[in-house]
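**Q** Be aware that the sequence shown starts at -16, since it is given in my numbering, and climbs by one per residue.
Don't read these hints as lab results, they were simulated from the structure. Note that the structure is a prediction, hence the values are computed from the model and not measured. Just so it is clear, CB atoms sit at the ideal spot from N, CA and C, and this is done for glycine as well. Just so you know, not all the hints are guaranteed correct.
Within a straight-line C-alpha distance of at most 20 Å, the following computed EDC-like cross-link-like pairs (lysine to aspartate or glutamate) qualify [said to hold, decoys possible]: (1) Lys9 <-> Glu30; (2) Lys39 <-> Glu104; (3) Lys159 <-> Glu109; (4) Lys43 <-> Glu129; (5) Lys147 <-> Asp163; (6) Lys14 <-> Glu35; (7) Lys147 <-> Glu134; (8) Lys39 <-> Glu1; (9) Lys39 <-> Glu27; (10) Lys156 <-> Glu137; (11) Lys43 <-> Asp(-3); (12) Lys9 <-> Asp31.
Derived CB-CB ranges, DEER-like [as the list claims (entries may be wrong)]: (13) Glu(-1) <-> Glu27: 31 to 39 Å; (14) Lys39 <-> Asp13: 15 to 23 Å; (15) His151 <-> Ala103: 18 to 26 Å; (16) Ser(-12) <-> Asp13: 19 to 27 Å; (17) Gly140 <-> Arg(-5): 23 to 31 Å; (18) Lys14 <-> Lys158: 22 to 30 Å; (19) Glu104 <-> Glu30: 38 to 46 Å; (20) Met(-16) <-> Lys159: 35 to 43 Å; (21) Lys147 <-> Glu104: 20 to 28 Å; (22) Asn142 <-> Lys43: 24 to 32 Å; (23) Ser46 <-> Ala103: 24 to 32 Å.
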Amino acid sequence: MASDSEIIELLRSDTERERGFRLLLKAYGDKLYWHIRRIVVSREDAEDAMQETSIKVYSKLDSFKGDSSLYTWLYTIATNEALQVLRRRCGLFQSIDSEGVGERLRDTMYAENDVDSDAAETVFQEALLTLPTQQRLAFNMRYYDEMPYEEIAEITGKNVNTLKANYHFAVEKIKKFINDNAI
-16 MASDSEIIEL
-6 LRSDTERERG
4 FRLLLKAYGD
14 KLYWHIRRIV
24 VSREDAEDAM
34 QETSIKVYSK
44 LDSFKGDSSL
54 YTWLYTIATN
64 EALQVLRRRC
74 GLFQSIDSEG
84 VGERLRDTMY
94 AENDVDSDAA
104 ETVFQEALLT
114 LPTQQRLAFN
124 MRYYDEMPYE
134 EIAEITGKNV
144 NTLKANYHFA
154 VEKIKKFIND
164 NAI
């Protein structure tokens, strides 16, 4: 697999840009898709956000200065696109942190039959969907993507201490939900 520096070099080449973009998607496409999917839940919304992410990445390649890692830059775009899809889905006047969002996402999870037959996993997924969006985002990036807080801060534009607090509160809420809903 090509390194980030090789991919960037190809992306900056007029003749190899498309090849570089294919390598970029091969290297990061699945990670980005699942990051987006954990935010928006719906398969269709995830595909829409992934498509928008791909378009934005391709159109903004020239703006990538290398101040952050390629991974961080991609995740920033993917996160923003996923949150944009979530905002559109919830309506312009409803906050993505309102209680109705979690209920809608939970309904989507069940409607798409993405619930594993493992009851513990189902309760865990439901617990995640009860979290406010910013707590869920911090939790997902730390737990699933194993990102350090500094990288999450760079992606989300949030303060490291705020992210630590969001993660801590998310863990506590997940524990409580699991204890209250254990089978």
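**Q** All hints, please: hold or fail.
**A** Against the structure, the hints:
no.	hint	result
1	Lys9 <-> Glu30	holds (16 Å)
2	Lys39 <-> Glu104	violated (34 Å)
3	Lys159 <-> Glu109	holds (12 Å)
4	Lys43 <-> Glu129	violated (26 Å)
5	Lys147 <-> Asp163	violated (24 Å)
6	Lys14 <-> Glu35	holds (15 Å)
7	Lys147 <-> Glu134	holds (12 Å)
8	Lys39 <-> Glu1	holds (14 Å)
9	Lys39 <-> Glu27	holds (18 Å)
10	Lys156 <-> Glu137	violated (25 Å)
11	Lys43 <-> Asp(-3)	holds (14 Å)
12	Lys9 <-> Asp31	holds (18 Å)
13	Glu(-1) <-> Glu27: 31 to 39 Å	holds (33 Å)
14	Lys39 <-> Asp13: 15 to 23 Å	holds (18 Å)
15	His151 <-> Ala103: 18 to 26 Å	holds (22 Å)
16	Ser(-12) <-> Asp13: 19 to 27 Å	holds (21 Å)
17	Gly140 <-> Arg(-5): 23 to 31 Å	holds (26 Å)
18	Lys14 <-> Lys158: 22 to 30 Å	holds (27 Å)
19	Glu104 <-> Glu30: 38 to 46 Å	violated (23 Å)
20	Met(-16) <-> Lys159: 35 to 43 Å	holds (41 Å)
21	Lys147 <-> Glu104: 20 to 28 Å	holds (26 Å)
22	Asn142 <-> Lys43: 24 to 32 Å	holds (25 Å)
23	Ser46 <-> Ala103: 24 to 32 Å	violated (44 Å)
Checked against the numbered hints given earlier, this structure breaks hints 2, 4, 5, 10, 19 and 23; the rest are met.
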